[in-house]
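Participant: Chains as they are written, first to last, in this note's numbering: chain A, 626 to 1135; chain B, 626 to 1135.
Please note that a few of the clues may not be correct.
With a straight-line Cα cutoff of 20 Å, these simulated PhoX-like cross-link-like pairs (lysine-lysine) come out [stated by the list, open to error]:
(1) Lys690/B - Lys826/B
(2) Lys1113/B - Lys763/B
(3) Lys1134/A - Lys690/A
(4) Lys945/B - Lys988/B
(5) Lys1134/A - Lys1062/B
(6) Lys1113/B - Lys1062/A
(7) Lys660/A - Lys844/A
(8) Lys763/A - Lys1062/A
(9) Lys1113/B - Lys1113/A
It is worth saying that the hints were derived from the structure and are not from the lab.
Protein chains: 2
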Amino acid sequence: MNITGKNLIAGEWSGDTTNGFSAMNAVTNQAMNEKFADASEQEIDQAIGKANQAFYSYSQLSAEKRALFLRTIGEQILALGDDLVTMACAETGLPAMRIQGERGRTIGQLGLFANLLEQGEYQAVVDLADANRQPLPKPETRLGYLPLGAVAVFAASNFPLAFSTAGGDTASALAAGCPVVMKAHAAHPGTAELVAQAINKAIEICSIDAGVFSLIQGKNYGISSQIVTHPLIKAVGFTGSERVGMILQRQINERAEPIPFYGELGSVNPQFILANKLADDAQGLAQALVASLMMAQGQFCTSPGIWAYVSDENTPVFEKSAAQAISETSAGVMLTPSMATSYNSIVAQWQNISGVECLAQGKKPEKGQEHFCSAALFATDLATFKANEALHEEVFGSSALIVRCDSQAQLMEFINLLNGSLTASIHASEQDVNIAKQVALSAAHKVGRLIYNQMPTGVEVCASMNHGGPFPASTQIRTTSVGSEAIKRFQRPICYQNMPDELLPSLLKS
Amino acid sequence: MNITGKNLIAGEWSGDTTNGFSAMNAVTNQAMNEKFADASEQEIDQAIGKANQAFYSYSQLSAEKRALFLRTIGEQILALGDDLVTMACAETGLPAMRIQGERGRTIGQLGLFANLLEQGEYQAVVDLADANRQPLPKPETRLGYLPLGAVAVFAASNFPLAFSTAGGDTASALAAGCPVVMKAHAAHPGTAELVAQAINKAIEICSIDAGVFSLIQGKNYGISSQIVTHPLIKAVGFTGSERVGMILQRQINERAEPIPFYGELGSVNPQFILANKLADDAQGLAQALVASLMMAQGQFCTSPGIWAYVSDENTPVFEKSAAQAISETSAGVMLTPSMATSYNSIVAQWQNISGVECLAQGKKPEKGQEHFCSAALFATDLATFKANEALHEEVFGSSALIVRCDSQAQLMEFINLLNGSLTASIHASEQDVNIAKQVALSAAHKVGRLIYNQMPTGVEVCASMNHGGPFPASTQIRTTSVGSEAIKRFQRPICYQNMPDELLPSLLKS
Chain A
626 MNITGKNLIA GEWSGDTTNG FSAMNAVTNQ AMNEKFADAS EQEIDQAIGK ANQAFYSYSQ
686 LSAEKRALFL RTIGEQILAL GDDLVTMACA ETGLPAMRIQ GERGRTIGQL GLFANLLEQG
746 EYQAVVDLAD ANRQPLPKPE TRLGYLPLGA VAVFAASNFP LAFSTAGGDT ASALAAGCPV
806 VMKAHAAHPG TAELVAQAIN KAIEICSIDA GVFSLIQGKN YGISSQIVTH PLIKAVGFTG
866 SERVGMILQR QINERAEPIP FYGELGSVNP QFILANKLAD DAQGLAQALV ASLMMAQGQF
926 CTSPGIWAYV SDENTPVFEK SAAQAISETS AGVMLTPSMA TSYNSIVAQW QNISGVECLA
986 QGKKPEKGQE HFCSAALFAT DLATFKANEA LHEEVFGSSA LIVRCDSQAQ LMEFINLLNG
1046 SLTASIHASE QDVNIAKQVA LSAAHKVGRL IYNQMPTGVE VCASMNHGGP FPASTQIRTT
1106 SVGSEAIKRF QRPICYQNMP DELLPSLLKS
Chain B
626 MNITGKNLIA GEWSGDTTNG FSAMNAVTNQ AMNEKFADAS EQEIDQAIGK ANQAFYSYSQ
686 LSAEKRALFL RTIGEQILAL GDDLVTMACA ETGLPAMRIQ GERGRTIGQL GLFANLLEQG
746 EYQAVVDLAD ANRQPLPKPE TRLGYLPLGA VAVFAASNFP LAFSTAGGDT ASALAAGCPV
806 VMKAHAAHPG TAELVAQAIN KAIEICSIDA GVFSLIQGKN YGISSQIVTH PLIKAVGFTG
866 SERVGMILQR QINERAEPIP FYGELGSVNP QFILANKLAD DAQGLAQALV ASLMMAQGQF
926 CTSPGIWAYV SDENTPVFEK SAAQAISETS AGVMLTPSMA TSYNSIVAQW QNISGVECLA
986 QGKKPEKGQE HFCSAALFAT DLATFKANEA LHEEVFGSSA LIVRCDSQAQ LMEFINLLNG
1046 SLTASIHASE QDVNIAKQVA LSAAHKVGRL IYNQMPTGVE VCASMNHGGP FPASTQIRTT
1106 SVGSEAIKRF QRPICYQNMP DELLPSLLKS
């Protein structure tokens, strides 16, 4: 495996790795061999300048050529073969099957946008002229879309492929006609470099301006700040913690020109469990929720973090089954040592909140795996939930909180207390329809995706997907980071009035 | 005419006008008789609280009922009769015909959104389930839209009806299902109250929750700050100056929850004049541009403020004709005394910029009309334009600047120097097609609407309109404040997964 450790600046590998940083092997908890160079101010400025230069030609590239470019990126990622899987597994601790699946999703996303481009990336809206209209003639107007310009994307820790170097943000920005300056995640720089190599090859194969893609490596916070405040950056995509996301948001707020910041910052994904569903199959539902919670050790943005119901004769069965399932789970590796520390610290704090009961914990880590984390299941009542803001926030990892309500009114009050989330699920039987309707109406205003009798983990990549929602799920509630609508984040409308055909973009010609 | 001078707080007229403020009669430059009460903190908090309470029921109102409500508002505005025209003319100095036309547009805008609601306010996107898909079954997902919540709207000085109390922002927010808290403009509070009376009647007639609309009067800056930072306000619409708009933007940036700020803040609307068009009819084009510039004394957001061409043998004819037309214009009344002061001060400053030539000024104000303003036409070269940031900014009023380029390369450089604008026009003949193509490609990235051989003033209210553009034209480049797409500013996507029909919104049912 050929890792340079350098930054890719518009087709040139650049930087000195001598004093570079290394990623941690997540499973062994040891620093990896490869050294990576923090990008210099000059390199970042070059990358953004070249992206801006490339914008003019790239934005005019035909939809067919952009589609071919996206598909070629996918092919080149696949051509990386097992090297990519080995590297991503080592850097993230995620199992090979998961990485292989995520690679398929990443290539699938590139293909989705390629299809969209080939089918016409948007629908033109045309109002014809009417010279005889009174009191004034009506002009001809045609509504189309233009790409925004150079886009900065920050890789996510928890999806080293699908939300990283050639992930959904990059794919949708490139599809829209925007060059991308990618900030690699310091937890998986090797994976980032391999994928950047694949993109770079696709650029060569398709004879595209190399400024269209640059990869910035770095552990230094100044790097992110320089990128998001650069006047030539016209939009930013980010998936990560609320703390880091809001630092970036505040830096972006200081810009002379406001630009959109697409930050996906956190989600508790509440699960509303209704009475007849519990009566039907308390045990099955408990096991399914624990299985969903345990996916990737709870490190999915859609992990079911808060479960709520009105206590009745079936809820003890549910709690017992869930506690049993949790206690049987093995400790698991986290994406980074700092995430493990943070998870363990929150679980320890919750043990000490008065009114919060720890129903079960997973098995303790085995010897030599002290950096692994154990699952946890807590329960509380509405009054305690109301009084403790900490309980409203996402715990990144496999911890869930049951909120026991004593009435349907309390359940409705609980919904109103929730912060925004990416998703919520309603678990109901047909007999629950009346309360399910009420829950759906209220819960809809708290989430980007409302699910019925399915688990929140797993995000379908399709035209009708919405992966966003009220803050902190997203800083831009009107947008999705998954699915074909994601392209719209990097385009904006333009109206052409009375314009002759030869001056119109091809999708708008008569 | 019955003016209370009070605030309308969810159906109740509230406030003490004893120490209230008065608008100026724009033409006479005298304070008007009516006194208006600055809203108190408590009144504002009440208005927003009631808007939030009304959100739940209003957002669930059927599209047909919302459409009827919008049409009823239009009918009630028309029923105000001449009182509205008299009041608006006095407060703004705009002539009666203009106000009557603007009233028609305002009612037309309400009707446009009513039509949209009746036809289905959005197109559902549906992906059906596939239980047999490998490796995982595919869930059913349906993409729809939800209103954001209570919206704050700020009235514009220059459109007392179409961009004010029941203007485009209010109409699109109410259409979307969002209650509106309206901040009246202190220059036309009487017009605002009359229109608020009409909305209030429509609320009664349609039996809608009175919290859906409140009118806040005030001259005190703290009022705006309290409104935009209130946690229950979920979006803000504003049309006004860059200075005031950016004060609001910075206050909004301090919120815990980011919300969209739709600010339309300024536009120079560049006019690109190509050689063969000039050769064809330099005089006719000069006269048409001056006529466009003089509309509403240059106080249109789409007023043509900068005109550019490559100097040749025809440009002196153009300049002479334009100068002649400007010199024949009478001085005109401005919307407010402070706008007149500001306009006169900028025109005086420009006289002193080295490299800027004053080609002509309109007639001086007559006796007793010293607060009226005279048009002005300036000319400069690219080097001077480049060196003086002040020349890049909108002058609110009837002043235009000609930028004389000495080559097509200079013209292209000029385009790249421009700030964002709502519109640009290309004035060309068929023989200009090659340079017109280049200008169109570059200019498109600077504007929200690109026009060919028509004037920028006059904004068609239709499905394909875009009234927005790169900053400072808009703080949210992806949105329009005019036309049917404006409704999307106040809605956001939601995906329903595996949801039974009885729990889906009507537009998404099978």
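Participant: Honestly, which of those hints from before does the structure not fit?
Facilitator: Violated hints (numbers, rising): 2, 6 and 8; every other hint is consistent with the structure.
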